[in-house]
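Protein chains in written order, with our numbering: chain A, 220 to 504; chain B, 220 to 504; chain C, 220 to 504; chain D, 220 to 504.
Errors might be hidden in some of the hints.
To be verified - Cut-off 25 Å, straight-line C-alpha distance, at most; resulting in silico cross-link-like pairs (PhoX-like, lysine-lysine):
| # | chain 1 | residue 1 | chain 2 | residue 2 |
| --- | --- | --- | --- | --- |
| 1 | D | Lys305 | D | Lys402 |
| 2 | A | Lys402 | A | Lys498 |
| 3 | A | Lys422 | B | Lys471 |
| 4 | A | Lys367 | A | Lys422 |
| 5 | C | Lys498 | D | Lys422 |
| 6 | A | Lys348 | C | Lys348 |
| 7 | A | Lys498 | A | Lys231 |
| 8 | D | Lys422 | B | Lys305 |
| 9 | D | Lys348 | B | Lys344 |
| 10 | A | Lys402 | A | Lys367 |
| 11 | A | Lys305 | C | Lys471 |
| 12 | C | Lys344 | C | Lys367 |
| 13 | A | Lys498 | B | Lys471 |
| 14 | B | Lys344 | A | Lys471 |
| 15 | C | Lys471 | D | Lys498 |
| 16 | A | Lys471 | C | Lys305 |
| 17 | C | Lys471 | A | Lys471 |
| 18 | B | Lys471 | D | Lys305 |
| 19 | D | Lys344 | B | Lys348 |
| 20 | B | Lys471 | D | Lys471 |
| 21 | D | Lys498 | D | Lys348 |
| 22 | D | Lys498 | D | Lys402 |
| 23 | C | Lys422 | D | Lys498 |
| 24 | A | Lys348 | C | Lys344 |
| 25 | C | Lys498 | D | Lys471 |
| 26 | A | Lys344 | C | Lys348 |
| 27 | D | Lys348 | B | Lys348 |
Hints are computed from structural coordinates only; laboratory data are not their basis.
There are 4 protein chains.
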Amino acid sequence: MVETYIVAFSCKNRPGIVAAASAALFEAGCNILDAQQFDDLETGRFFGRIGFNLINDADDSLVRARLASAFKPFDMEWSLRAQNQKRRVMLLASRWDHCLADILYRWRTGELAMEIAGIISNYPKETYKHLHFSSMPFHYFPVTKETKADQEARIWEAVRTSGADLVVLARYMQILSDDLCRKLAGRCINIHHSFLPGFKGAKPYQQAHARGVKIIGATAHYVTGDLDEGPIIEQDVERISHRDTPEDLVRKGRDIERRVLARAVRAHIEDRVFLNGAKTIVFPE
Amino acid sequence: MVETYIVAFSCKNRPGIVAAASAALFEAGCNILDAQQFDDLETGRFFGRIGFNLINDADDSLVRARLASAFKPFDMEWSLRAQNQKRRVMLLASRWDHCLADILYRWRTGELAMEIAGIISNYPKETYKHLHFSSMPFHYFPVTKETKADQEARIWEAVRTSGADLVVLARYMQILSDDLCRKLAGRCINIHHSFLPGFKGAKPYQQAHARGVKIIGATAHYVTGDLDEGPIIEQDVERISHRDTPEDLVRKGRDIERRVLARAVRAHIEDRVFLNGAKTIVFPE
Amino acid sequence: MVETYIVAFSCKNRPGIVAAASAALFEAGCNILDAQQFDDLETGRFFGRIGFNLINDADDSLVRARLASAFKPFDMEWSLRAQNQKRRVMLLASRWDHCLADILYRWRTGELAMEIAGIISNYPKETYKHLHFSSMPFHYFPVTKETKADQEARIWEAVRTSGADLVVLARYMQILSDDLCRKLAGRCINIHHSFLPGFKGAKPYQQAHARGVKIIGATAHYVTGDLDEGPIIEQDVERISHRDTPEDLVRKGRDIERRVLARAVRAHIEDRVFLNGAKTIVFPE
Amino acid sequence: MVETYIVAFSCKNRPGIVAAASAALFEAGCNILDAQQFDDLETGRFFGRIGFNLINDADDSLVRARLASAFKPFDMEWSLRAQNQKRRVMLLASRWDHCLADILYRWRTGELAMEIAGIISNYPKETYKHLHFSSMPFHYFPVTKETKADQEARIWEAVRTSGADLVVLARYMQILSDDLCRKLAGRCINIHHSFLPGFKGAKPYQQAHARGVKIIGATAHYVTGDLDEGPIIEQDVERISHRDTPEDLVRKGRDIERRVLARAVRAHIEDRVFLNGAKTIVFPE
Numbered sequence: 220m221v222e223t224y225i226v227a228f229s230c231k232n233r234p235g236i237v238a239a240a241s242a243a244l245f246e247a248g249c250n251i252l253d254a255q256q257f258d259d260l261e262t263g264r265f266f267g268r269i270g271f272n273l274i275n276d277a278d279d280s281l282v283r284a285r286l287a288s289a290f291k292p293f294d295m296e297w298s299l300r301a302q303n304q305k306r307r308v309m310l311l312a313s314r315w316d317h318c319l320a321d322i323l324y325r326w327r328t329g330e331l332a333m334e335i336a337g338i339i340s341n342y343p344k345e346t347y348k349h350l351h352f353s354s355m356p357f358h359y360f361p362v363t364k365e366t367k368a369d370q371e372a373r374i375w376e377a378v379r380t381s382g383a384d385l386v387v388l389a390r391y392m393q394i395l396s397d398d399l400c401r402k403l404a405g406r407c408i409n410i411h412h413s414f415l416p417g418f419k420g421a422k423p424y425q426q427a428h429a430r431g432v433k434i435i436g437a438t439a440h441y442v443t444g445d446l447d448e449g450p451i452i453e454q455d456v457e458r459i460s461h462r463d464t465p466e467d468l469v470r471k472g473r474d475i476e477r478r479v480l481a482r483a484v485r486a487h488i489e490d491r492v493f494l495n496g497a498k499t500i501v502f503p504e
Numbered sequence: 220m221v222e223t224y225i226v227a228f229s230c231k232n233r234p235g236i237v238a239a240a241s242a243a244l245f246e247a248g249c250n251i252l253d254a255q256q257f258d259d260l261e262t263g264r265f266f267g268r269i270g271f272n273l274i275n276d277a278d279d280s281l282v283r284a285r286l287a288s289a290f291k292p293f294d295m296e297w298s299l300r301a302q303n304q305k306r307r308v309m310l311l312a313s314r315w316d317h318c319l320a321d322i323l324y325r326w327r328t329g330e331l332a333m334e335i336a337g338i339i340s341n342y343p344k345e346t347y348k349h350l351h352f353s354s355m356p357f358h359y360f361p362v363t364k365e366t367k368a369d370q371e372a373r374i375w376e377a378v379r380t381s382g383a384d385l386v387v388l389a390r391y392m393q394i395l396s397d398d399l400c401r402k403l404a405g406r407c408i409n410i411h412h413s414f415l416p417g418f419k420g421a422k423p424y425q426q427a428h429a430r431g432v433k434i435i436g437a438t439a440h441y442v443t444g445d446l447d448e449g450p451i452i453e454q455d456v457e458r459i460s461h462r463d464t465p466e467d468l469v470r471k472g473r474d475i476e477r478r479v480l481a482r483a484v485r486a487h488i489e490d491r492v493f494l495n496g497a498k499t500i501v502f503p504e
Numbered sequence: 220m221v222e223t224y225i226v227a228f229s230c231k232n233r234p235g236i237v238a239a240a241s242a243a244l245f246e247a248g249c250n251i252l253d254a255q256q257f258d259d260l261e262t263g264r265f266f267g268r269i270g271f272n273l274i275n276d277a278d279d280s281l282v283r284a285r286l287a288s289a290f291k292p293f294d295m296e297w298s299l300r301a302q303n304q305k306r307r308v309m310l311l312a313s314r315w316d317h318c319l320a321d322i323l324y325r326w327r328t329g330e331l332a333m334e335i336a337g338i339i340s341n342y343p344k345e346t347y348k349h350l351h352f353s354s355m356p357f358h359y360f361p362v363t364k365e366t367k368a369d370q371e372a373r374i375w376e377a378v379r380t381s382g383a384d385l386v387v388l389a390r391y392m393q394i395l396s397d398d399l400c401r402k403l404a405g406r407c408i409n410i411h412h413s414f415l416p417g418f419k420g421a422k423p424y425q426q427a428h429a430r431g432v433k434i435i436g437a438t439a440h441y442v443t444g445d446l447d448e449g450p451i452i453e454q455d456v457e458r459i460s461h462r463d464t465p466e467d468l469v470r471k472g473r474d475i476e477r478r479v480l481a482r483a484v485r486a487h488i489e490d491r492v493f494l495n496g497a498k499t500i501v502f503p504e
Numbered sequence: 220m221v222e223t224y225i226v227a228f229s230c231k232n233r234p235g236i237v238a239a240a241s242a243a244l245f246e247a248g249c250n251i252l253d254a255q256q257f258d259d260l261e262t263g264r265f266f267g268r269i270g271f272n273l274i275n276d277a278d279d280s281l282v283r284a285r286l287a288s289a290f291k292p293f294d295m296e297w298s299l300r301a302q303n304q305k306r307r308v309m310l311l312a313s314r315w316d317h318c319l320a321d322i323l324y325r326w327r328t329g330e331l332a333m334e335i336a337g338i339i340s341n342y343p344k345e346t347y348k349h350l351h352f353s354s355m356p357f358h359y360f361p362v363t364k365e366t367k368a369d370q371e372a373r374i375w376e377a378v379r380t381s382g383a384d385l386v387v388l389a390r391y392m393q394i395l396s397d398d399l400c401r402k403l404a405g406r407c408i409n410i411h412h413s414f415l416p417g418f419k420g421a422k423p424y425q426q427a428h429a430r431g432v433k434i435i436g437a438t439a440h441y442v443t444g445d446l447d448e449g450p451i452i453e454q455d456v457e458r459i460s461h462r463d464t465p466e467d468l469v470r471k472g473r474d475i476e477r478r479v480l481a482r483a484v485r486a487h488i489e490d491r492v493f494l495n496g497a498k499t500i501v502f503p504e
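Go ahead and model the full structure; you've got the sequences and the hints to work with.
See below:
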């Protein structure tokens, strides 16, 4: 079977980027399958993602060398990945496990092509007794106001030693410190149970109910210093009515949250998301 | 052809409301076609809407009398309307006419079963030279900061003398004074070109773009003292991407705005909307 | 805590139905919380659903007696149920367990307020080793062309003795015989992995892909003699693009299927669905 | 102001296409703004679209020459267009004018950046008296079974002499002959008032109603020999309920039809649609 590769790249825009990338791939014996490029005129940055395979099973070290030399003049940020070289993902959860259960299910069916580096929770393993964790590492890191710094140090250590490329806050109900947020910046996805920036703060569903909104939503975003304000990756909504109680909104919200989080994780592990200032570029799958 | 009637009613909840209403209709020779009731446990109010026709073309004054006597003990707010007795609607517009054009089109095709009491604009009739106003009254009421009070007095006078049941702000870009808002409370619908309460304030599409949101929306609501904060009647959204410029958002926003406003107006003129504190009850069509 | 009841009823339409029902409830000391009625002018049938509670914790046998006597003249089909008296549901599954896993999850979180009467599969229990069945009965009924009649007899026996009110074909990949379909008519829900009647027959996602459709969907419906043609309860869709391979459609289809099936099951166990000839009435939640 | 150009191209896939195109653009002094490429592994065809502008207002004849020479070895089908060089579009309509009115409105606001080559109808101009056609050519070509061949000859002549790039059947209710379909193949868009291939044949809304579907849709597609079976460009849907009569479906259908047709026309005139066997490639805007 022929292996597929993804090269993702971004730099300050100037003429010749696509020409350089595609010439390098051509010369290294690659066949382009799918390519998307975008030049953000506002921020002046250029973003590209090219999927390709190697003709005659050529060696990929040549591709890497050609791309390195082609990208050098552009001061390019770039990554090259064989599709079967999967991203490692650490999952953080708390009491509510609908997002955790959903991600594990999609991982099991192959829909989320990633390796699970482990699960971290501030609740003990028994909380999830109907979920199968098989042999994946489970870290129970309880937390109180007093132990928060220590607990975060344990989280960071677990993430670091696990070799995780991505951290997913699967409804992890603790607010991360600015320090940990910064350490994880650009590789930590949070799901906000609200259609940001609609209802910030606590109990967004109650706020939505009090306001009589007709649509609720959820937002997946990268974590930055400000937990609920990072660059948005994905959002979705659902229609509600006056019959819906706050409990109904919570229930419908769970459906949206797990769908939105799964799509955001999928986009990230497929190298389709790029940071672009306070925003993201998300190439469609 | 048999005439269809709509009775809409609401009161403080207590047992016996539906029994009283349906007994009255039965005794007056009515056949119920469609009925919806809802008891809001939070606000303690009960809301009902019954569509019916008269058997053997009976006289509707009997229905009215029976309902009046049945509703009396409940201190009921209620209205009875033959479906062919259409609501009169005054349309207010400014420079951007997409909502105005859309409402006129839907009125022309019979989709919005209403009478147009007139059009008020702070722009002259020539602004709309590709729209057909036929013989409907057009009021050109220009406005400046200095003449605002006067202009609003003219608006109010035009609304009052036209016998309008409803005022629709079809992207009327002037902020109504608190005084006029109060006079029109509960019978004036505004379309807010944003997914309220997401982005308040000026230029919501620019705000949405800066924030990199993946979904934009629009909100139709009743006008209260606070122009952009009244009870929400209808909302809808559209998916956007990083390719969309602020201009694209404005364009896509126009599509949502006209759709949302038309649905809200339709719900109102069909007696399907009830005020319920800061919220609304909207029975589905 | 005050118990909530649901009365669901339908009959040939004639004046006085709502009056009779609501008078009976009033006289039996009930307070209506939510009521919906609909008269289908085409089929001439009337459908109603009333949610209510009892004032002063009155006895519900009185309610039942009053309703029975009120409904008698109308030749009414009706049911009365205390909301805490849950429907019993038998789940049938095959190799693909996304719908089964989803229903179990929603049952566990209380979103589907039902009792699980058991699980029947033509695959052994080990197939689902990452799902927790706890103590619920699991019936492994393998099937071949030759043993089909026998196997269906075992299914029917298991359903019958379990006291199940509803059978859910959670992607059960065997075609039920006409005979079993008839036995289960009106109380067996199937999920069809296609936007019926869009693509009938085998491999609807491949058909959809070949045709280059831009939207795919799924349909939940009651089983009748013709397996894929029964009255539709719920449908939903998802947008796709030329980038989606047939495998992508299958994956996206799974998401729609489980969402649509869960909504249909929920509507049924909440007594919100009525058969109406070849169609259904589904009162919104 | 700097002019933006679009080059759209497709050929049998082989390595080096993107490299050739982007090198040619780079050498001709172009700056890529937005690029999308796709290799359909099934049909073996490659599709690309690149938006770019010229640095220092260079001459576009150089670009054209460079592209021509770069594309030659690939037996490329390609087009180069300055964005301000608008497509010319002929509109065909019949009695129902909701699509025609909508397209004219969007053209007027600049949302559809095209030139209107004229309007052809089998109804006289008075049918559309509330629409403003200004000075655009209006062709009244009545048709009967006997005059169909003649009438189609007049249509073809009008299209041909008008220099139209695209013909839009804006709910033109006559079935075009196979001969005319073939002449217009790939440059004629039809709106089908149904979620194809859901309900073929006459009266799809009545079929949908009889079947009790919960979602209706519309489909915009290129015309081929078989009028309702050409490659799909765009589809959309709307949720309906048992309350909706066939008339309600027609009304809701109008909203979907005009939205879907407008999006398809927009995609075509922006060179974002490619024929790919029985399907299309539609690059997102």
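Structure-based check of each hint:
no.	hint	in the structure
1	D/Lys305 / D/Lys402	holds, 22 Å
2	A/Lys402 / A/Lys498	holds, 19 Å
3	A/Lys422 / B/Lys471	violated, 30 Å
4	A/Lys367 / A/Lys422	holds, 23 Å
5	C/Lys498 / D/Lys422	holds, 18 Å
6	A/Lys348 / C/Lys348	holds, 13 Å
7	A/Lys498 / A/Lys231	holds, 16 Å
8	D/Lys422 / B/Lys305	violated, 30 Å
9	D/Lys348 / B/Lys344	holds, 18 Å
10	A/Lys402 / A/Lys367	holds, 16 Å
11	A/Lys305 / C/Lys471	holds, 21 Å
12	C/Lys344 / C/Lys367	holds, 20 Å
13	A/Lys498 / B/Lys471	holds, 20 Å
14	B/Lys344 / A/Lys471	violated, 47 Å
15	C/Lys471 / D/Lys498	holds, 20 Å
16	A/Lys471 / C/Lys305	holds, 21 Å
17	C/Lys471 / A/Lys471	holds, 19 Å
18	B/Lys471 / D/Lys305	holds, 21 Å
19	D/Lys344 / B/Lys348	holds, 18 Å
20	B/Lys471 / D/Lys471	holds, 19 Å
21	D/Lys498 / D/Lys348	violated, 38 Å
22	D/Lys498 / D/Lys402	holds, 19 Å
23	C/Lys422 / D/Lys498	holds, 18 Å
24	A/Lys348 / C/Lys344	holds, 18 Å
25	C/Lys498 / D/Lys471	holds, 20 Å
26	A/Lys344 / C/Lys348	holds, 18 Å
27	D/Lys348 / B/Lys348	holds, 13 Å
Of the numbered hints listed earlier, those contradicted by the structure are 3, 8, 14 and 21.
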